[in-house]
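Using the hints provided, position chains B and C with the ligands relative to the given structure of chain A.
Okay, here's what each chain looks like letter by letter:
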Amino acid sequence: MGVTRRDFIKIAGAAVASSGMGACQLTPAALAAQAGSGPAETYVATNCEMCHWCCGLIAKVVDGKVVKLDGNPLHPNSRGKLCARGNSGIGLLYDPDRVKTPLIRTGSRGDGKYKKASWDEALNYVAEKMLSIKKVYGPEAMALFAVGSCSAHLAPLMAAFGSQNFGKPSFAQCRGARDVGYELTYGIIPGAPERVDLAKSKVTVLFGSHLGENVHNSQVQDFAAGIGAQAKLIVIDPRYSTAAGKAAYWLPIKPGTDMALMLAWINIIIKHELYDKEYVEQYTTGFEELKAAVADCTPEWAARETDLPVKQIIETVMEVARYRPNVCIHPGRHASWYGNDVQRSRCLAILTAILGSWGREGGLYLPTKASLKKSQGKEDFPIPEKKPIMDICGYPFASMAGLTNGSTTGLRDATITGKPYPIKGWMVMGTNILKAMPNEKETMDAINNLDLLVTAEVMPLDTAMVSDVILPSASYLEQFDDIGVERGYHLGVTMGRAAVQPLYESKDGYTIARELAKKLGLADYFPWESLEAKIKSQCKLWKIDYDELSKKGFMEMEGTEAPYITAENQPVFKTPSGKIELYSKRLEKAGFDPIPKYTPVEQPKEDYFRLIYGRSPVHSFTRTTNNPLLHDLFKENEVWISAKKAKALGVKHGQYVTLVNQDGVKSNRVKAKVTQRIREDCVYMVHGFSSSSKDLRNAYRKGADDQGLITRYAVDPICGATGMRVNFVKVVKEV
Amino acid sequence: MPRYAMVIDQRRCVGCMACVAACKTENNVPLGSFRTRVVEVVGGEFPNLRMELRSELCNHCENPPCAYNCPTGASYKESDGTVQIKRYKCVGCKACIAACPYEARYIDDKGVADKCSFCEHRIKQGKEPACVATCLGGSRIFGDLDDPNSPVSKILSEVGSSVLLKEAGTNPKVFYIRKLSKLE
Amino acid sequence: MEITITGANELTYPTLHIWNWMVSLYLFLGGVTAGLLIMSAIGNLRARNLRTEEKIDVIKAAMFAPFVLMAGMFFIWLDLERKLNSYWFFLSFSFTSPMSWGGWGLGLILPLSMLYALSVVPEEYRHWLKFDFLKNLSRWLNPHMTALARTVFALGIFLGIYTGILLSVFVARPLWNSSLLPVLFLTSALSTGAALIIIISKKKAAQLFFTKVDIWLISAEIIIIALFFLGHLTSTAPQRESVMPFFSYSHEYFVFGLSFILIAFFFPLALVMKLMHVQEEHHEQISGGSLFRMKLSAYMVLAGGFIIRLAWVYVGQISKLS
Ligand SMILES: Nc1nc2c(c(=O)[nH]1)N[C@H]1C(S)=C(S)[C@@H](COP(=O)(O)OP(=O)(O)OC[C@H]3O[C@@H](n4cnc5c(=O)[nH]c(N)nc54)[C@H](O)[C@@H]3O)O[C@H]1N2
Ligand SMILES: Nc1nc2c(c(=O)[nH]1)N[C@H]1C(S)=C(S)[C@@H](COP(=O)(O)OP(=O)(O)OC[C@H]3O[C@@H](n4cnc5c(=O)[nH]c(N)nc54)[C@H](O)[C@@H]3O)O[C@H]1N2
Ligand code: SF4
Ligand code: SF4
Ligand code: SF4
Ligand code: SF4
Ligand code: SF4
Ligand SMILES: [Mo]
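Read top to bottom, the protein sequences are chains A, B and C. Using the numbering used here, the letters of the first sequence correspond one by one to residues 1 to 735. Using the numbering used here, the letters of the second sequence correspond one by one to residues 1 to 184. Using the numbering used here, the letters of the third sequence correspond one by one to residues 1 to 322.
Possibly wrong hints are sitting among the right ones.
Within a straight-line C-alpha distance of at most 30 Å, the following computed DSS-like cross-link-like pairs (lysine-lysine) qualify [unchecked claim]:
hint: 1; chain 1: C; residue 1: Lys83; chain 2: C; residue 2: Lys203
hint: 2; chain 1: B; residue 1: Lys77; chain 2: A; residue 2: Lys68
hint: 3; chain 1: A; residue 1: Lys579; chain 2: A; residue 2: Lys671
hint: 4; chain 1: B; residue 1: Lys127; chain 2: A; residue 2: Lys68
hint: 5; chain 1: A; residue 1: Lys291; chain 2: A; residue 2: Lys271
hint: 6; chain 1: A; residue 1: Lys645; chain 2: A; residue 2: Lys702
hint: 7; chain 1: C; residue 1: Lys83; chain 2: B; residue 2: Lys86
hint: 8; chain 1: A; residue 1: Lys552; chain 2: A; residue 2: Lys68
hint: 9; chain 1: B; residue 1: Lys110; chain 2: A; residue 2: Lys60
hint: 10; chain 1: C; residue 1: Lys320; chain 2: B; residue 2: Lys166
hint: 11; chain 1: A; residue 1: Lys441; chain 2: A; residue 2: Lys100
hint: 12; chain 1: A; residue 1: Lys68; chain 2: B; residue 2: Lys110
Source of the hints: derived by calculation from the structure; they are not laboratory data.
Next up, chain A with everything else stripped away, as it sits in the complex (with noise of 0.2 Å):
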């Protein structure tokens, strides 16, 4: 096993030093003591890869050891803060649960045997496989689930390989519906990170999108900014999040009926005549049908569909009117919730438009127009004979334009049914599919029916433990992170150096890659010793001086930015009519609604709460429940119940209890959280809890899987994205 009860004492014992007050005290710096020694203090800079918001970090390196990470000043994504999670990086650099050397399974799958093995060894085995299946089913049966800055290594090894059968949770089960909604609309994503400009809004409308909870670094200071500046806060929540303790406004909106809101609202904006009429004019088509289309969408409606007060619908919505175009509809990021969300999403993107507040201050900025294109390297990746699963799973837009990661859930299915054709090995890199994707029983179907597995991990989560091989991955202060390009504000390149050198025997994802590379057949594809050899080549593409870029880790390009409309800066909009389309005909084509119609979701039978989830401030996903700083921080999530059920429940603040889905899947015992803060038919928890490997000191099941609760979910017809707010729960008492 990768830490064997052994090595748990041993660390445990290094870093514990004792105190009279019997408790066992870690500080970070004895965390940070199991590592070499080196010379004095250096300051590096890099890239957080705690989240997926990519801040840039400057690492403070004291004789060969990081013991502090502050925001680089120079990176717009941190502007010289990092969040709770990017503050705590060290905790997973020297978390002592880390997975050490490479790891072939030798027990059945599941049960954490695993025998260590040399990289050498670890590789031929998946080499050999890799080949075999390549054999007997094609290249195309092997499938690749990457998300982070390793996956850019990954892709190009699995293109050259002959495979695109890429799947990233990331942007399935996260923001794929919205950047497919607003792509239709805008024929451009809202961007990732968003161009949303709170800090100037003087109306901020967050339907979902808990922040200050959910913690893109950039985009809370800009929130923060923005309430600083008093902007009005409108907050559309079943729970009374952070974010809706700052409202002006709060809606408790009964869960799944948020477009019932969004149509009457732009019903009333257009029937009071609201909206910006020169910009709408301009720049949009299909007005005149939005207008038909949503005329009986009216406030009484909306009131009995989303149990929300007209007067509250009407007096928010006149608001949001009064001060247009500087009011910012956020398109939210996690959009995978009910399987409606591309249309959702659409409803969004449509509300921005008629308020004309795309390319407006305190709306949403243009990105810059500048570029640099220019790459390099061997690109002519064989041309797979069958076409990737995403194109050919049934949902028309699964891979829009530009967006090129598809349905996981696509690619779990053909896995488990072998149609369109079978699939036999997954390459899993900085993604936790068990937890990320919805019913962890199809995806252990699919994953039993695989010849290979191989996951490559920081630490030993769920999906590894499934694997036949865990390859023990450099995490992200360990390696270099690649150049790339920045197009949001500003035109801007970024780049990591590894703050030191990777750990135990782990190896940074372009060596992994280049390494498997190699045994492939596939050694062109990686002319670059290293990654740093990469990016110093790139720079001279670009021009750019490697020495400068790689000390500050990220540079602007000054001059570039053009957020506003204005008479010479017009936006572009890349759809076939290049106007913004209120009515899409693309959608029409394929047979869904033009405009988005309003269809009402399940809603919970007696006994049942729907399960709804977020983020804590503190934590990403599973990847930090076990970092010892963060749990120290926030040990294990709680389910929130309104007290009014609670109480006829019988169930008590901080009582244990348990959660049983509608198709009797039970969880984990979980301590109740009794709250006016929630509706009566929802319950809410944080994502990423209760992890199921024994080998994790702090994660191993504390708290409740909201995933494994996930048994049903909706997947939107239009993309493939899943919706996984379809679930109901029963609260039971734990005896």
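Chains B and C with the ligands alone, transformed into the frame defined by chain A:
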């Protein structure tokens, strides 16, 4: 001599907890102990609720009961107005912990009493305290009360503020700008 | 109100728990020492001209005192987190810190109580003292017994009050923050001191004397406790809240409720038994039952004194200002 103080603009705190995490690594605070925390208080009944987010730390009291009760002089008031600890003098009697009405103190892994130092080592280098530097909300403001142009003096002269447990007579130097969210 | 804290200190949240039974025991033994010193000083001063036989109990009491004190000091030393830094107690003095006063006070009381103990050893018992220099010292000190007894009498009062002041200065802990606490601890110190003498004594006269003394002290103690609670219950909200654990028999506070019951039971019962004892003593020979009652009531006073220290140390840490 400066007189250092902090202002917590509660209106801008978004509960991100970056301050808590930054303080921990900056000052190598043991697991289970903290120099700063964020208290979230929610009152009212659904759906008429209000929320207060309040980050707390050592108040660097003008009348510090912790220092008054320290038998060895390990806890003392520095000339810059901060309350500090001479580690070598601490016997670990915990009188200071009992004396602090703000529960600002803990015993570290060496058995020495510890607490927020206003990041003494950073301010000496002209940097802001770690929690201030990383505060995503821009809610924590640091500076010299005796300098009318410092950010703390400026904001205190513009907006009303209060201190915690005024009745304890400690005369805190952490000031709170409160404003509970109001529902309309 | 729903309160969620991120970054709460394990040591102070949900309640302070820096001090445990070791501190209670220190306060208790300190109190007993104070009582022994005061009682024996009175005894030795009053019995100056009596035969050794007749004053043997107060002599023993004086000799007990330094040992009890050392035991107490051992426990407070055990509680220190940085034991090796203890010398700083004596390299500094802080006027505002009762603990600093206490440190110096103990540093003074311990040797003086030893000298006092040596000074009261009568000629015929000097062979108890193992070493010659002790015998010599004792012989040399004997003439100064009166002065020493007066000194330790004063120091005993200081010690008894100090154990209470130590806690009462903490404005942050409303249960402790009361000027009645030093008075309560001093009274308790005296009564436990008297009780210990009753236990170690073999002399009927002494027992009777100290039982009579104890009757007054216990009566005073009961009144002070009642006043203490009355004061807190009619004071500010934090003070009112602070005594609640004594009256709430909920699961988490059960032991404190129990301690209150024990205190409320032991003292009156001890008082009644002592009164009976005193009454009996006037016309009868001491009976077996009476002897048992007398000793039992003394043990009860001791137990009650210790329970008070335990309860106050623990419950005081639950109390807070906000
Ligand atoms: N600290 C931290 N921050 C993160 C992340 C993290 O892991 N940790 N992850 C990042 C990523 S990748 C993403 S995608 C985002 C996700 O964060 P968001 O994009 O903000 O996610 P949402 O699902 O929009 O918001 C969750 C909120 O929606 C509410 N909600 C549930 N159902 C409904 C409903 O039917 N209608 C409405 N109006 N509200 C509902 C919930 O009560 C909850 O408050 O967070 C990002 N930020
Ligand atoms: N039920 C439910 N499901 C969800 C969500 C939800 O809220 N609820 N949220 C959805 C959303 S919005 C998203 S974005 C996805 C996120 O889903 P994922 O991206 O899968 O997120 P994590 O669970 O953090 O898993 C990341 C994995 O990558 C590993 N890892 C981290 N850094 C590195 C590295 O540098 N190298 C390597 N090799 N591995 C690394 C971590 O140890 C961890 O196992 O989940 C989606 N799924
Ligand atoms: S938002 Fe936080 S966790 Fe995410 S990259 Fe930035 S600092 Fe790291
Ligand atoms: S807050 Fe507490 S620790 Fe800080 S100076 Fe005041 S009393 Fe001392
Ligand atoms: S614990 Fe240390 S700092 Fe605190 S009062 Fe005792 S000696 Fe002073
Ligand atoms: S000032 Fe420094 S020590 Fe004090 S809370 Fe902030 S980071 Fe921690
Ligand atoms: S860092 Fe600032 S905004 Fe975030 S919780 Fe702390 S005080 Fe509040
Ligand atoms: Mo996401």
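Evaluated hints:
| no. | hint | in the structure |
| --- | --- | --- |
| 1 | Lys83(C) x Lys203(C) | violated (42 Å) |
| 2 | Lys77(B) x Lys68(A) | holds (28 Å) |
| 3 | Lys579(A) x Lys671(A) | violated (51 Å) |
| 4 | Lys127(B) x Lys68(A) | holds (15 Å) |
| 5 | Lys291(A) x Lys271(A) | holds (8 Å) |
| 6 | Lys645(A) x Lys702(A) | holds (24 Å) |
| 7 | Lys83(C) x Lys86(B) | holds (16 Å) |
| 8 | Lys552(A) x Lys68(A) | holds (17 Å) |
| 9 | Lys110(B) x Lys60(A) | holds (24 Å) |
| 10 | Lys320(C) x Lys166(B) | holds (14 Å) |
| 11 | Lys441(A) x Lys100(A) | holds (28 Å) |
| 12 | Lys68(A) x Lys110(B) | holds (21 Å) |
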